[in-house]
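Fit chain W to the given chain R structure using the hints.
In the order they appear, the protein sequences are chains R and W. The numbers in the numbering used here rise by one with no breaks, and the one at position 353 of the first sequence is 353. Each number in the numbering used here corresponds to the 1-based position in the second sequence with 1000 added.
For the record, the hints were derived by calculation from the structure and aren't laboratory data. Predicted model, so just to flag it, every value in this text is computed and none were measured. Yeah, the Cβ is synthetic: ideal placement off N, Cα and C, and Gly gets one too. Some hints here could point you the wrong way.
[Unchecked claim] Not everything, but these chain W residues come out facing chain R in the computed CB check (under 10 Å): (1) Val-1024; (2) Asn-1055; (3) Glu-1082; (4) Arg-1088; (5) Val-1091; (6) Pro-1113; (7) Gly-1117.
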Amino acid sequence: MRSATLLLWRARLRGSLRRVVALALLTALGGGISLAVAAGARRTAGANDAVLDLTDTPELSTSYVPTNPDEARELARTIPAAGDFAQLVGYVALLPETPLAGLNSAAYYNDPVVVDRPVVLEGRMPDAANEVFLNEAAAAGTGAAIGDEIEVVIAKPDFTEFFPETMVVVGIGVISDAIYQDETELNALLVYAKEFVDSHRELNVWGGVAMTVAPGADRDDLAAQMLERGMVIDNDRAPERAEARAAIRPLAVTLGVLALLAALATIVVVGQALHRLVRRSPAEARSLAATGCSRRMLLAADVGVAATVGVAGTIGAVGVAVIASPLFPQGRARRIPALRGVDVDLAVLGLGAVAILGALTVVVAATSRRPAGKGEVRPGSAPGVLGMNPAVATGVRFATGRRGLPGTVGGVAVGLIAIVTAVVFTGSMDRLVSRPALAGFNWDLLGTNGYGQIDTAAAADQLRDDPDVERITGLTFADVTVDGTQVPTTAWAAIKGSPWPPLTAGRAPEGPNEILLGPGTLDTLGRRIGDTVTVAFNVDFDAGKTERIEMAVVGTAVSPAIGLTGTDTPRLDVGVLVRQDDIAGRGFEFGGAMLFDLADGADPGSVRARFPEGLPDDIQGVTGWFDTARPAEVIQTGAAVDVLELAIVALLIGVMATVAHNLLGFVRERRNAFAVLKALGFTPRQIRSTVLWQSGLVVGAALVVAVPLGIAAGRWLYQGFAGGIGVIVQPVVPPLALAAAVLGAMALVQVVALLPARQARRTDAATELRWE
Amino acid sequence: MTSTTALRVTGLRKSYETDRDVPVRALRGVELEVEAGQFLAVTGPSGCGKSTLLNIVAGLEAADEGAVSIADEQVTGRSEAELALLRRKHVGMVFQFYNLLDELSVIENVALPAMLGGRKRKAAEARARDLLGLLGLVDRGGASPAVLSGGQRQRLAIARALANDPTLLLADEPTGALDSDGSAEIAELFRRLNADGQTIVMVTHDAGLATIATRVVRMADGRIADLPPDDGQAVADAVATPGLS
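Pulled out of the complex, with its shape left as it was, chain W reads as follows:
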């Protein structure tokens, strides 16, 4: 392992129990390595295990087998409290439906994780203002997230995810709830962030979005395979074709 490896996943397996007593094998031995500064798009049909992979990487879900490490720190096998500390340091998450805290104002949504990461109040607010400025939301700091447009909300969610300069930015269908303008806006933002050195792992159904990644993998039946990043048609096919192995 080198110091430039942001994420390493080895032999990851995960099954779910179902009502019919037939376990669903979501991950069947996933192997994945993401270098620092890489922008990885994970594509694949619904139910192929993309989100499960992301959740296990973030420590929100436990794997049955295998290992995950972020910046050489083991994710698997840790307690909930240890995982929480690890998330603060290494992981920023962006969701399809934003998952903002409406009880907090726009600036507070960003400052809260910064404070969790150890910043004092003023430093956290300064960091939040910087990020909101970067994402074009600085004039909405005192507003409620509920009054923002979809694109603005997702930008806010990205600002929140970046509050602690995470090793990994994990994004789960970040444009899934946006119109085409909003999607393009977020895609451009991700590209810029990656250009500035942010490592990103993004799960998406959006072929257009996947093509901005520096690397694209396809998941099917709980396994991962690489696709050529500059082959837009291959990516489009991978996204559109369920069960392709």
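One chain only, chain R, in its complex shape:
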């Protein structure tokens, strides 16, 4: 019995070798896309952790150490729970004649650096006192390349003396923080060699130590021992990891959903094609039964054929996924060369391959019991079709006159749904990236002085009467608790026009003691708009003295991600937004920023130019200027648009290949019908037209289903994504991209249908009509 089953299996394979190969290729393509995107989603999700591991990011770090590097080192060595550590020595540095501000400048006092290593993208780390390493922001700001000389001015801590240095750029790279920082936190950074410290004694302004945990100890031990020595913890690896994961998770989840859609489309379309491949005509089924073949044997042979296609296809899919793996990870971690390149995710590829193979086998096993019968072909159901051109009418009838039409249309529709979903999602992401207001930044220019308190009145005086400046907003940060929960807070001063970022509900505060909350904070606090909350301002930070005020929540708003190094500031859907008038005199404010909303077409550069020395403040701080304030999540999102567009094209190719395969199968099955059409007087052009109309109708019907469902799915997916990262949820249906996808699908199907149309035209009518 087994040999008979094998004989049936071999006979079916031999008789349909080209179709088997085509189906295996389709499985490889569709399955490959889904496996590649699924593995890519996992790789993307883990990329930030990979960067932290790659750079040996410290567990905890502090800048509360003596400025004398030798004393700081000795102090660090007294901590039993500390493992390896990086020691940083900071300097005040200026880069004249560059637009850079907010510059960090430090030397590693370790050689070699074993903790918190920068990732070198080009060149190397500095070895000599006159060598410098730039992060990407510094390289972009200076325009320097490896080997270039730049002038760095090192300031004495009291700013009484300045020492110009000519330094050689020996390396350009990334500090691990840059992977998950917001745009406003991405400061330029210069890194010097240990030798620099020796030749610039007494110029260093701060010291810092970043430590790993010693074997046998844990993070809490380390934290406790640091605090015992007066070391306030500046950076904590665990929450930073969580922050990095949160920033990238929505993108990874989205990629995962797209991978599932691609896999579903592959299983549906290939499963259908496999069903058509293995099904038998009633005559064949009767003949096989007459020769003693049991239904079980036939089923085993059918499943064997499906398994053959599945095995070959999934092997190919794994190959495609491995080849496509360098497209991932997406997001900013992609900057790191060590994380790019070919990757084999055995778990995803293995499980995915088994899932695809199993699904195809089950589909065939479930459907192969139904033999092809008289009912396979029936009169088409389109009414009034004969009023059309005969070729059109026949094409319509051929498309509709099949029992399997809903399945065929459904299979193509699933693929097209995935495409439309990706188009809507990508379009919405693109809009998010291009419209900073959706991430809370509804201005055109931001100037931030870090911890300096900006003299907003003096700054505004220079711009108040400028018709190009429509809104001027002052911003400070504060520490408050709301109903006993500490929440990062911003205080907004209306210098000209409305001071508020985009509201998502309610209204803007109009009088005293009215506040806005981020939507996420509102949820966390379990409050609603209209509720009254108790806000406690820190009046005396050191004494822990607070002033409590009852304030009314009048609305929710999305805060721009304006960072302040080492401080938790409101961003996106988290935070409290108060009127500056409400906090003045009540609470401790710190930091400073000004925001300018300009008339359409006005140049932010002209506003910047009014402040050649930066925005005036109390500490003569330097001003960092930003035209946008993109949060890390949006930066990550923007980086993924290209790969999503690539996935759309790949899916489109897959769907069209499926349509072509279906049509070829149809033409092969219905050679007789095309021969009849020839005999009736159809010209070759009409035969071609019939096939093109048939394919166009299938794809058109699939589009009718796929466009609304794809739009709904894309909007749903994006809503989940945008809600997850806390930006304003505003999915869009990009009309041009959608029209391009729809028209592209219709045009492509006409192209791919030319091959089956050619085969139909070449039907040998004389042979086909002679005998069945």
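Same frame as chain R, now just chain W:
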């Protein structure tokens, strides 16, 4: 040539290549002339070239040599598109296994060639209804061809073949798939059509059917010879005896 000649075949030759590199000469210089209104039965053993002749006449197959004309229009030497137009105008075909389009309803199967022949939709449907009425299928117009009996299907195929009032009705073993009742039904139908003036060229193995023709020719070894139409025994012998020359 006169205007009453429906079909003229001269010096028709056709060979097929085979796997053994030995060409099979299906037609070896066939000469045939069919007058308008004639009912010609072409008999002969299997493989003698009957169907090949019919296919070349219909323009579905190209001849190696010779000429075919229908109602003074050359068939041979034309492009595929020109042949398609010629078929619409001059040729109706009936096959042993009906070759209906199951995706189309009964009435649509008949109306489609009428539309190809240039009729508007309503005119084509009216023509189809007339023909279905003539052939006793008018009440099955909306049905699928797949649900019809063998005889009904063949009647439908004949209705389809007549949709454009063809110069020639070509029939290839039209009763080959039917039982005796069905065969008799189709034979009577052909006789009636011919009586109404339809020129018919029919290939058949069925001696009974051949005897209703007004002229019978026998094909053997790729050549044609006339038989007396009223000599039933001669026809029966010609059908039954392979290789008779």
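Structure-based check of all given hints:
no. : hint     : in the structure
1   : Val-1024 : 14 Å, violated
2   : Asn-1055 : 4 Å, holds
3   : Glu-1082 : 9 Å, holds
4   : Arg-1088 : 3 Å, holds
5   : Val-1091 : 8 Å, holds
6   : Pro-1113 : 5 Å, holds
7   : Gly-1117 : 7 Å, holds
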